[in-house]
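Visitor: Chains as they are written, first to last, in the numbering used here: chain A, 1 to 290; chain B, 1 to 316; chain C, 1 to 512.
One should not assume that every hint holds.
Among the chain B residues that face chain C by a calculated CB cut under 8 Å, a handful are [stated by the list, open to error]:
#1 His-30
#2 Leu-31
#3 Pro-33
#4 Ala-38
#5 Val-39
#6 Gly-58
#7 Asp-60
#8 Ile-63
#9 Pro-64
#10 Leu-68
#11 Ala-94
#12 Asp-95
#13 Pro-98
#14 Ser-158
#15 Val-262
#16 Ala-264
Partial pick of chain B residues on the chain A-facing surface, computed with a CB cut under 10 Å [as the list claims (entries may be wrong)]:
#17 Leu-24
#18 Ile-140
#19 Val-154
These are calculated hints, taken from the structure and not from any lab test. Ideal placement from N, C-alpha and C gives every residue a C-beta, glycine not left out.
One-letter residues, chain by chain:
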Amino acid sequence: MTEAPAEFLAPRRRFQVLRRLARHRSFRIGFVIVVLLTLAAIFAPLITSFDPTAMRARIRFRPPQEAYWFGTDNFGRDVFTRCLYGARLSLTIGLGVALLSGVVGTAAGIVSAQFRRLDAMIMRLMDGLMAFPAIILAIGLAAAMGPNIGSLIVALSVAYIPRTARIVRASALVVRELEFVDAARVSGASSLRIIWKHLLPNCMGPLLVQLTFVFAYAILAEAALSFLGIGPPPPAPSWGNIIAEGRDQAVDAWWIMFFPGLAISLATLGMNLLGDGLRDVLDPRLKVET
Amino acid sequence: MRMLRRLLLRLGQAIPVILVVAVLAFFLMHLLPGDPAAVIAGPEAGAEAVERIRRQLGLDRSIPEQLLVWLWHLAQGDFGTSIIHNQSVLQALADRMPVTASLTLVAFAMTIPIGIVLGVAAAKFRNTWVDSAVMLMALIGVSVPGFWIAILSVILFSVTLGWLPASGYVPLSEGVWPWLRALIQPAAMLALFQIGFLARMARSATLDVLDQDYIRTARAKGVSEWRTIAKHAFRNTLIPVVTTTGIILSLLMGGSVVIEQVFAMPGVGRLIVQAILTRDYPMVQGTLLALAFLFVAINLMVDIVYTWVDPRVRYD
Amino acid sequence: MVNPRRTALLLGTALVAGGLALASGPAMAQKKGGSLVYANVSAVGTMDPHVAAAVVDLETIHHVYEGLVEMGEDYRAAPMLASKIDISPDGRTFTFSLRKGVKFANGKEMTAADVIASFERYKKVSPNAPALGDVAGMETPDPYTFVIKLNKPNSLFVEVMKTPTYSFAILPAEQKDKPARDPDLVGIGPYVVSEWARDSHLVLKRNDNYVADESAKGPDGYAGKKTAFLDSIRYNSVPEANTRVAALQTGGADFIGALPGDVAKRLKGRTDISVLSVIPFCQATFISHAKNFTNRSVRQAVSMLIDSEEMMEAAGQVWDRNPSLMFKPSYYFSDVGAAMYDQHSVDKAKALLKAGNYAGQKVVLETNTNYAYMRDSSQVLVEQMKKAGINVELKMVDWTTNVGDLSKGTGGWDMTITGLCSGPLLGPQQWRLSLAFAQNPDDPVVTEGYAKMFATTDAAERKKIWMGIEKYFIEEGYMMKVADIADLRGMNDKFVGIKPYYMQRFWDVWKK
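Build out the structure end to end from the sequences listed, making use of the hints.
Guide: Printed below as a string of C-alpha cells:
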C-alpha cells in the first residue's frame with residue numbers, strides 16, 4: 001500500500017496499460033461488443049432504411065424474416081430498426097449516468113479526502129443516500145422530474161453517486177498520505193494543484209472500473225424503470241420501453257420483447273467484461289465492489 | 001466496550017442523516033405532478049369531487065403545515081396513514097415485511113452456497129473450461145434484465161411446463177412446502193444477479209488465498225488441495241462475502257421491487273413503488289424512513305459479524 | 001407499475017361478443033359450495049360504497065352492499081331495498097317503501113332510520129353528494145317508509161340514485177359518523193368480507209343473514225333475487241397481465257380480468273377456458289382543453305384525423321365503431337356525431353388548417369404509459385397530425401399525473417385522451433361534472449342545457465337537449481370519439497352461471 005503509485009497518466013505507463021489491456025481476453029471481448037454496439041447506434045440510419053417510429057398498419061406482427069430481421073411490432077414498426085435506434089437512447093443513458101455520477105462522485109470524494117472538515121458532512125450525506133436501494137431512489141426521482149431522458153440520467157446518477165464518491169475518497173486518502181504528496185504540500189503547492197497533479201490521476205484506475213459497472217447498471221435500471229412505466233417516453237425507442245410496450249405479446253409475438261432484452265444483456269455483458277479487464281489491469285487490488 | 005461505543009456513535013450519526021433524507025423525501029414527493037385525490041376520484045370525476053377528497057385527506061393545507069404535522073406525529077411514533085389504502089403505514093409495513101423478508105431470505109439462501117461454490121470451483125480450476133463456463137454464467141447472471149427473464153421464466157416454467165405457480169405468496173403459516181414452492185421461482189430470478197455477483201467475488205478471493213504462502217506450504221506437505229481450500233480458502237473467502245452482505249441485501253431489496261411486481265407478491269418493494277406512483281405521500285415517506293433504519297441496522301450487524309469472522313479487524 | 005384500473009374504469013356494459021360458450025343453466029344442477037379465485041389488475045382500495053369509484057372496488061362492494069335502487073340488467077333503475085317508489089307530480093317529493101325483514105350482515109333489521117343516517121353520511125363524505133343535493137327535508141313516517149323532499153324538481157333523482165359508482169348503499173345507522181373510506185364492513189348483500197389483506201387479497205364469504213328479494217324472479221343486473229352458491233370468493237391483485245393469464249392457465253386463478261387483447265389470444269385452444277368480452281365497457285375519447293386549445297379550426301382538423309381502426313388495432317383492443325358519446329344500449333344514444341366520426345382524412349384536416357390560418361402553433365398531446373389503448377392511440381394520432389403538418393408535441397406521463405392534469409386542467413396540455421365508462425352508459429346525469437373536465441365550467445351551452453334537462457319531466461325532450469349538447473361538444477372539437485372498447489376476461493369453465501356484465505357478479509354462480 002505504501003509503494004509510490006505509478007502516475008496513471010504518465011506516457012510510459014499509459015502505453016503499458018494499453019498493451020496489457022490489449023492482451024486481456026475479457027477486455028478484448030467486452031471492447032469488441034461495446035464498440036460494435038456503439039457503432040450500430042451511431043450509424044443506425046445507414047444500417048437500416050426504416051424509420052423507427054413510422055407506422056405501417058399492413059405489416060403488423062410479422063415474425064422475423066428476411067425483410068424484418070427481428071420482426072415487426074403492433075404498429076408495424078421494424079423491431080430491428082427500433083433496437084438500433086434504441087441503442088442510441090439506452091447507451092446515451094448509460095454514458096450520461098456514468099459521466100454525471102463520475103464527475104459529481106469524484107468531486108465529492110476528492111473534496112472529502114482533501115478538505116477533511118467537509119468529510120464528515122459529505123460522507124454522512126452519501127450514507128443517507130445509500131440507505132435506500134438505488135432503484136427506489138431512482139424511481140422516486142424519475143417520477144418527480146417527469147419522463148424525459150435528462151431527468152432519467154439525473155435520477156440514476158444520484159443513485160450511483162455515493163458509491164463512486166466512496167471509491168474515489170478511499171483511493172485519494174491513500175495517495176494523500178504518501179511522501180511525495182506530503183513533500184508537495186510542504187513545498188507550498190496549493191490544494192487545487194495537489195488535487196489536479198496527484199489525487200485525481202491516481203483515482204482514475206478505480207474510478208474508470210467503477211464507471212464501467214455504473215454504465216452497465218444504468219442500462220439495466222432504464223429497463224426496470226420502463227417496466228414500471230416511468231422510463232424514457234415512447235414513441236422514441238429505448239431498449240427498456242420496447243420491452244415494456246411489447247410484453248403483452250410475450251408469447252404470440254415474442255420477438256418484440258425478446259430481441260431488445262437480448263440487446264440489453266449483450267450491452268451489459270460487454271460493459272462488465274470491459275470492467276473486469278480494466279480492473280485486472282488498472283487496479284489489481286480492487287475486488288468486485290459496487 | 002470500545003466497539004459498543006463505536007456502534008452507538010455510528011447509530012447516532014445515522015439518525016440526523018436519515019431525518020434529513022426523510023425531509024428531502026417529503027419535499028420530493030410533494031414536487032411530483034399528479035394528485036392522490038385525483039387518483040381516488042378517477043378520471044370521470046370533476047374538479048369539484050377531487051377538491052372534496054383533498055379536503056378529506058388534509059391535502060388542502062399548506063406544504064410546510066403538512067410537513068410539521070407529519071414530523072410532529074413522527075416524534076410520537078406515528079408514521080402516518082396511507083392515503084390510498086387507508087391503513088397505518090406501520091401496519092402496512094408489518095403486513096408486507098414477511099413477504100419481502102421471505103423472498104429476500106430464500107434468494108439469499110440460494111445465493112450464498114451457489115455463489116461461493118461456483119466461485120471457488122472457478123478458482124480451483126482457473127484458466128480451464130470450468131472457469132470460463134462458470135464465469136460466463138456469472139456474467140450472464142449480472143447482465144440480463146430481471147423482469148425480462150422473469151416474464152420468460154413464467155412462460156416456460158409455469159405455463160409451458162406447469163412446474164411452479166405463476167404468482168402469489170403463501171404465508172409460512174400454511175406450511176413450509178407451499179410457502180417455499182411459491183417462492184422458488186421469484187427467489188431464483190432475484191438470486192440470479194446476486195449469484196453472478198458473488199461468484200465473481202468468491203473467485204478472486206479464493207485466487208488470492210491460493211497464492212498465499214501457507215497454502216503453498218500445505219500443498220507441499222501433501223495435504224490435498226481440496227482440504228486446503230476447505231480449511232483456509234473458504235474461511236478467507238467468507239470475509240469479503242460478509243462485508244458485501246449489506247450490499248447484497250440492498251441489491252436484493254432493490255431487485256425485489258421488480259420481481260414482486262411480476263409475480264404479484266404483496267411485499268414492501270411493490271408497496272413503495274405503488275405508493276410513489278399513486279402519490280401516497282405518507283406511505284412513501286414512512287416506508288423510506290423505515291427502510292433507512294433497517295439498512296443502518298443491517299450494516300451495523302454486518303460490522304459486528306465482520307469483527308467476529310476476521311479477528312484482525314479491530315475498531316480504532 | 002401503477003394500477004391504472006384501480007381508478008380508471010368505472011363501468012361498461014354487458015353484451016356478449018362472440019366466442020363465448022356458457023354452459024346452459026337448466027341442464028346443470030345448481031348447488032352450494034366451492035370457492036372461486038378472481039385475479040385482477042389491482043387490489044381493492046376502499047370498501048366504502050359512498051366514496052368508491054374504482055371498478056375493482058365496486059365489484060366487491062356490490063357483493064356486500066345494496067341500495068334502495070340498483071341498476072338492472074337493462075341499466076335502468078330497478079328497486080332493490082325499496083319495494084316501491086312514489087314520485088309526486090311536481091317531481092319534488094319521493095316516497096320509498098322499504099322491503100320488510102331485510103337484515104344487515106350483523107343480523108339487525110334495516111329500517112328507515114338506517115336510510116336517513118346513510119343519506120346524511122352520503123351527503124358528508126361522497127364526492128357525488130352534489131348530484132343528490134338540494135334536499136329540503138327527509139322524514140320517516142313509519143319504520144318502513146322514507147320520504148325525501150327536494151327544493152327544485154329533479155326528474156332524474158332516482159336515476160342518479162342507481163349509480164353503481166359512489167353507490168348510495170344503506171349502512172347501519174351507527175355508521176353515520178364514520179369518516180370517508182373507513183366505515184365498518186357491515187352491509188346488506190349476499191356476501192360478507194371475511195379477510196382483507198390490503199394491496200394483496202380480499203376474501204368474501206356467504207352471508208347467512210342475507211334476505212333475498214323473493215318478489216323478483218332471479219338476478220337482474222345489480223338488483224333482483226340474488227343467491228350465493230359459492231362459499232367464498234377470493235380477489236387477488238395481480239398487476240402484470242402475463243402473470244394473470246399464466247395464473248388462469250395453471251389453475252392459480254379461476255377468473256381473471258383486464259386481459260389485454262394480445263394476451264387473450266394465448267387462451268385460444270384451451271377447451272376448459274373461455275374468454276368473455278364485455279363491450280362496450282369504456283370509450284376511448286380525445287379531449288381538448290377549452291382554455292389552452294383555443295383555435296377551433298385546428299381542433300376540428302385534429303378530429304378529422306382520428307382513425308379508429310388504426311388506433312384500436314395497434315393497441316390490440318377488441319373494439320366497436322360508435323360515433324356517439326353514449327353507448328348503444330343507452331336511451332341517449334344517437335348519431336349526431338356521425339358526420340365527424342372516424343374520418344381519417346389528412347386532406348380534410350389540411351383544408352381546415354388552411355381555413356383557420358394555422359401558423360405552426362404547437363399542440364401538446366398528453367397521454368400516459370399505463371394504458372395501452374391510450375398510449376397507442378395517442379402515438380397513432382401524433383403520426384397523423386405530423387402528416388397534416390401540425391406542430392405536435394407528445395407528452396407521455398404516468399397515469400397519476402395524467403388523471404390529475406385531466407381533472408384539474410393543469411400540466412399545459414392542449415389535448416389528452418381518456419377512457420369514459422360509466423357516463424356513456426348511465427346517462428347525462430352522471431356527466432354533469434365530467435363534461436366540465438378542464439373545460440370552461442361556465443360554458444352556457446352546458447350549464448343552461450343541464451338546467452333544462454333536470455327540470456323537464458319529458459324524457460324525449462331530455463334526450464333532445466342532450467343531443468344538442470353532444471353535437472356541440474363534437475362539432476367544436478372538444479371531444480373526439482375513437483371507439484367503444486371491450487374489457488376481456490378469462491374464466492375457467494368449471495363455473496356455471498357467470499354472465500358478462502360490466503362489473504363482474506358472482507352470485508347465482510356455482511361450481512360444476
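Visitor: A separate judgement is required for each hint: does it hold in the structure or not?
Guide: To see whether the hints hold, each was checked on the structure:
Interface hint at His-30 of chain B: violated, since its Cβ lies 13 Å from the closest Cβ of chain C, which is beyond the 8 Å cut-off. A hinted interface residue such as Leu-31 of chain B counts as satisfied when its beta carbon comes closer than 8 Å to some beta carbon of chain C; here the least separation is about 12 Å, so the hint is violated. Interface hint status for Pro-33 of chain B: upheld, as the beta-carbon distance to the closest one in chain C is roughly 4 Å, under 8 Å. For Ala-38 of chain B, the interface hint holds, the least distance from its beta-carbon to any beta-carbon of chain C being 4 Å, beneath 8 Å.
For Val-39 of chain B, the interface hint holds, since its Cβ comes within 8 Å of a Cβ in chain C; the closest pair sits about 5 Å apart. Annotation: Gly-58 of chain B was flagged as interfacial toward chain C, and the flag is violated, the nearest CB pair being 11 Å apart, outside 8 Å. The interface hint given for Asp-60 of chain B is broken, as the beta carbon of that residue sits about 13 Å from the closest beta carbon of chain C, more than 8 Å. At about 16 Å, the closest approach between the beta carbon of Ile-63 of chain B and any beta carbon in chain C exceeds 8 Å, and the interface hint on this residue is violated.
Checking Pro-64 of chain B against chain C: minimum C-beta separation of about 21 Å lies over 8 Å; hint violated. A least Cβ separation of about 22 Å between Leu-68 of chain B and chain C goes past the 8 Å threshold, and the interface hint is therefore violated. Taken as an interface hint, Ala-94 of chain B does not check out: its beta carbon lies about 11 Å from the nearest beta carbon of chain C, beyond 8 Å. The interface hint given for Asp-95 of chain B holds, since its Cβ lies 6 Å from the closest Cβ of chain C, which is under the 8 Å cut-off.
The beta carbon of Pro-98 of chain B is not positioned within 8 Å of any beta carbon in chain C (closest approach about 11 Å), and the interface hint is therefore violated. With a cut of 8 Å, the hint placing Ser-158 of chain B at the interface with chain C holds, because the nearest CB-to-CB distance is about 5 Å. Of the supplied interface hints, the one on Val-262 of chain B holds, with its beta-carbon coming within about 5 Å of a beta-carbon of chain C, less than 8 Å. Taking 8 Å as the C-beta contact cut-off toward chain C, the hint placing Ala-264 of chain B at the interface holds, the least distance being around 4 Å.
For Leu-24 of chain B, the shortest C-beta to C-beta distance to chain A is roughly 9 Å, which falls under 10 Å, so the interface hint holds. Interface hint at Ile-140 of chain B: satisfied, since its Cβ lies 7 Å from the closest Cβ of chain A, which is below the 10 Å cut-off. At about 9 Å, the closest approach between the beta carbon of Val-154 of chain B and any beta carbon in chain A falls short of 10 Å, and the interface hint on this residue holds.
Taken one by one, the earlier hints fail for this structure at numbers 1, 2, 6, 7, 8, 9, 10, 11 and 13, listed in ascending order.
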